[in-house]
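> Sequence:
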Amino acid sequence: MPISTPWGISQKIDQLGLGILEIQTLVHGGIGVPFSLRKKFPQAFQRLLESDWALQDGEYFWFERDQNFCIPVIAFPFIAKTRDRLVYAIDTLRDWHPDLYEALYGVKLTPANSYLLHIEAVGFDDS
Numbered sequence: 001m002p003i004s005t006p007w008g009i010s011q012k013i014d015q016l017g018l019g020i021l022e023i024q025t026l027v028h029g030g031i032g033v034p035f036s037l038r039k040k041f042p043q044a045f046q047r048l049l050e051s052d053w054a055l056q057d058g059e060y061f062w063f064e065r066d067q068n069f070c071i072p073v074i075a076f077p078f079i080a081k082t083r084d085r086l087v088y089a090i091d092t093l094r095d096w097h098p099d100l101y102e103a104l105y106g107v108k109l110t111p112a113n114s115y116l117l118h119i120e121a122v123g124f125d126d127s
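With our numbering applied, the sequence shown has no gaps in its numbers, which climb one by one up to 127 at the end.
Treat the hints with care, as some may be off.
Using 25 Å as the maximum straight-line C-alpha spacing, the simulated SDA-like pairs for lysine to any residue come out as follows [unchecked claim]:
no.	residue 1	residue 2
1	Lys12	Asp66
2	Lys39	Trp53
3	Lys40	Val87
If you are wondering where the hints come from, they were derived from the structure by calculation, not from laboratory data.
Using the sequences and the hints, build the whole thing.
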């Protein structure tokens with residue numbers, strides 16, 4: 001049965017377990033995590049759940065499929081389905097959410113090992 005998401009009505013829904021959904025719409029997609037699982041997210045991710053990174057719609061936190069899918073995949077590793085996807089999620093977290101990566105893994109990143117930190121350090125001109 002189609003559901004409403006931040007990207008429109010779902011066209012495809014995969015049940016990943018614990019009520020977690022992976023959805024596709026006509027224009028985008030992502031992963032939905034029920035509000036009831038909030039306390040199961042790592043402490044480092046808790047403040048994120050109140051930010052724009054975790055869209056709230058219906059009874060779900062929604063994480064878009066490009067840079068933010070990594071958050072629920074790391075919080076609930078069984079939804080990765082493969083080791084490669086889990087490694088990709090960890091790499092994506094490091095590149096696009098360096099502050100969360102540092103908080104979760106207790107390391108200090110530099111522009112040499114995080115894409116976002118690199119862009120911030122050297123600047124980015126998209127004109």
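> Could you run down the list of hints and mark each one as holding or not?
Results of checking the hints against the structure:
1. Lys12 <-> Asp66: holds, 17 Å
2. Lys39 <-> Trp53: It holds: about 17 Å lies between the C-alpha atoms, which stays within 25 Å.
3. Lys40 <-> Val87: holds, 20 Å
Hint check: no violations occur; every hint is consistent with the structure.
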